[in-house]
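Sequence order for the protein chains is A and B.
Taking our numbering, the leading residue of the first sequence gets 1, the next gets one more, and so forth.
Taking our numbering, the leading residue of the second sequence gets 1001, the next gets one more, and so forth.
Hints were generated in silico from the structure; no laboratory data involved.
A couple of the hints might just be wrong.
Stated by the list, open to error - Subject to a maximum C-alpha distance of 25 Å in a straight line, what follows is the list of computed DMTMM-like cross-link-like pairs (lysine to aspartate or glutamate):
1. B/Lys-1465 / A/Glu-169
2. B/Lys-1453 / B/Asp-1500
3. B/Lys-1507 / B/Glu-1615
4. A/Lys-272 / A/Glu-184
5. A/Lys-147 / A/Asp-110
6. A/Lys-176 / B/Asp-1475
7. B/Lys-1465 / A/Asp-284
8. A/Lys-161 / B/Asp-1336
9. A/Lys-203 / B/Glu-1615
10. B/Lys-1465 / A/Asp-187
11. B/Lys-1209 / B/Glu-1342
These figures come from a predicted structure and were not determined experimentally.
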Amino acid sequence: MANKRYAYYSGCSLEGTAVEYDKSVRLIFDALGVDYIEPEDWSCCGSTPAHTIDHVFAAALAARNLSIIEKMGLDTVAVPCPACLMAFKKAQYFMEKDETFKEKVNELLDEKYNCGVYAKSTLQVLYEDVGLDEITKRVTHVIPDMKVAPYYGCITNRPPKLAQFDDPENPISMDKILSAIGIEVCDFAFKVECCGAAFGVPKKDMVNRLSAKVISMAIEAGANCIAVACPLCQQNLDLRQEQINKTTGSNFNIPVLYFTQIMGLAYGYSPKELGLDKLIVSADNFVHSRLTKEQHELLKQEQEKGKKKEVKKQETQEEENP
Amino acid sequence: MRVGVFICHCGNNIAGTVDVKAVAEAIRKIPGVAYATTYMYTCSEPGQDEIKQAIKDHNLNRIVVAACSPRMHELTFRKTVEKAGLNRYYFEMANIREHISWIGEDKEANTKKAIDVVKMAVAKVMQDRPLYSSSFRINKRVLVIGGGVAGMQAALDCADGGLEVVLVEKSPSIGGMMSRLDKTFPTIDCSICILGPKMVDVAQHDKIKLYAYSEIDEIKGYVGNYQIKIRKKATYVDWTKCTGCGACMEKCPSRNAYDYFNFGVAPTKAINIPFPQAIPKKAKIDPNYCRHFTKGKCGVCAKICPTKAINYEMQDEIVTEEVGAIIVATGYSLLDLEKLPEYGGGRYPDVISGIQYERLLNASGPTAGHILRPSDHIEPKTIVFVSCAGSRDKSIGIPYCSNFCCMYIAKQAILTKDHIPDSQSYVFYMDIRSPGKGYDEFTRRAQEDYGVKYIRGRVSRIYPKGKKMVVKGVDTLLGSQVEIEADLVVLGTAVLSNPDAAHLAEKLHISYDTFGFYVESHPKLRPVETNTSGVFLAGACQGPKDIPASVGQGSAAASKVLALFSKDMLESDPAVAKVDINKCIGCLKCVRTCPFQAIKDKELRDGRIVADVIETVCAGCGVCTSTCPCGAIQLQHFTDNQLLAEVNALCLA
């Protein structure tokens, strides 16, 4: 890990509604020794609003940032937000494949982009480049009560042609990372189902219904917490949970954390450092039940002793009253 | 040299985009061309008569026909010129249809190209030499590869026609896919009840020699004289002693072997007889699961066997058979559920394939004919069938229709209602394809009499919710999304070619398509022949096919073999390689490159070593010709001089 330096493109959400995602990603990167640098003067990635109007324009917005990173001499950009990730991957894919498209895009740019930068999700950097062994080594704390449903959202690893990472229908990278830090992971069938995405503004009810399904499937799978990797998923499931309850008559109260926040809890960071105070549905109970590894070990030993005593008691009772 | 050239209109097929009159006019000017004309349909009887008449009237001694592909009519016209008294190799065909008129719209350019192509044929025909076939004896035995219903039908028809048949089946029993089916559409006949007697006929026919659990190792030779090496795979049971009593299977402690016959819907024992009607009804050990092989100790079956048939030391055995023709009937395989991740990719036990469901319906299947879902052995009440699971899906490289899924899904839905009267079945479909006799009536019966709910649309996702499987899809007739909570989901998985189809095709020298299905000689007129003389096709190895079509092809292939064997001698093709011993330096490079082992070394009386071609083995591929450093070995009818004459005609004009 020591040799590789990543550009880190946080994107607009991570400066606003998802500031806790930014905080926790940086903490985790620091903890695991990922060398990253934020490019100066980065701008919009060109996601949804741009690419629904004009593909060349959207690609130019993405390529402007990639071109800055290229000038910095870096070849990989770590991207926490899936929308930014796909905007970059899409621009890269079509500019590499289609020379005339590349020319059209470059015409809009002051600094031409030569297609030398590859985007990776934060998830991919942690899973593939850092590796599960390193992730496990850094663990200091145990959250014994947490049962998590890993929710990847629709575009973290799709479409497969662009994403080139993990399984498009049944991804496992986040499952593996969370297992590696000692969290119980539920078998969750809705890992990549749609949360309603950006339709919260024009079609609020639809988003509420779709998000309600994701939450209810997570609860049905036995989860008491949902892990996400996308600011928009987090917003729909957490910020709108009250709305969802009103629309669908449900009574959900399940915390929705970024997977990096959960990692942070296992690495011993404080709730404040991880921005847990930004969550609408509180995750405080996990903070309270969190134990250091040593405490957890002691507790386990005591419980086992207790069990043994009980067994002995029963045996002696049986002997006394045959 | 008096060349006659006949240019065919082929109705409008050629004349529509080639000015045939202009071609005739241009060709007439070539020195040596004594006669050139055009005709509406040269291949018709009056057309052929005109060639014969012109040969007589104009004293022609070389003929060129400019028409369709030589693969279509070369033989027709060779016979025509032969009847008029010329050697059949004094004939050339110029393809101005497939290569010109069908592919270009510019009439002027087409005409110019047609003139060039006919010029080349004229130049070649002037260089042609008369060639004469020799005849050779044929071995009137036939090899049938694959013991499914198509192969069995072919074997029985050949044997009934008096031929000796060698039947090779790779699995431990004959019967193929049909022996796994419960009932057959549209008559709801019990499958094994109609197949079983045929299987017994195969076993008891004194003209059929059956090699079960065997594969083709090597094929040498040519039509009329093949040498086949057959690998009898080790079963670890001496089949001459095994009586099929089944005591070993009962006592075997290894209970978790994969059941190939039941497509893994339930486990079997490490030593097993695949099904009660198996032919031969003999036990076989699966060394991947047998404790003797995996752990080095057990030996229960050896102790229990009353005839001492168990032999853990058994090795594969190679036997050689000589035959004169081969019928390929290797069948098909099915798409693995892993390729359908949106349907769970095989992770959910209650999402199964159609063939697995067939085994659940079957009285000799793992549930003894009671429909019990694999996860908890509870009778399902809501069953969803998904047709086109993988078929007609370009995104996974299967653009074709799998032919029989619509029908068996309708059958399975009907049988489900019979088994569980208070059940409800749903079928998601793209189109209902039921073009056979009585087929459409059958699918209507499923809907109208059995209350099966047909939903036109695709399923996007299948996921578990509690004990149910939720099937999420679209109803394109209502224009709405649907979600059905099912107890069991059955996928009509796509039909694929066999995984080793390409490998076998290379041994047979036959062609196969992108999907591994074998290619017939002509899609309409030669459906069971291949382009390799002596090799015939039957059943689903050529493309997805239901039982009647497979049986039909089995019989058709048999009749082709019987026709081939109705003669005692076959004529050899004289267009083979020939060595000029005066030029041959005896380097024998050709011996090493010949893919058919048709060239040997020969010592001349003066002690010189030269190459020598075995005419009957040579396939006329020409590889030796391009290998020879001194042009001593020449492919007759395609000699260097003949081909160069064509090139000159094109380039010097």
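**Item:** Numbered hints the structure breaks, given as an ascending list
**Value:** Numbers 2, 5, 6, 7, 9, 11 - these are the hints that the structure violates, sorted from lowest upward.
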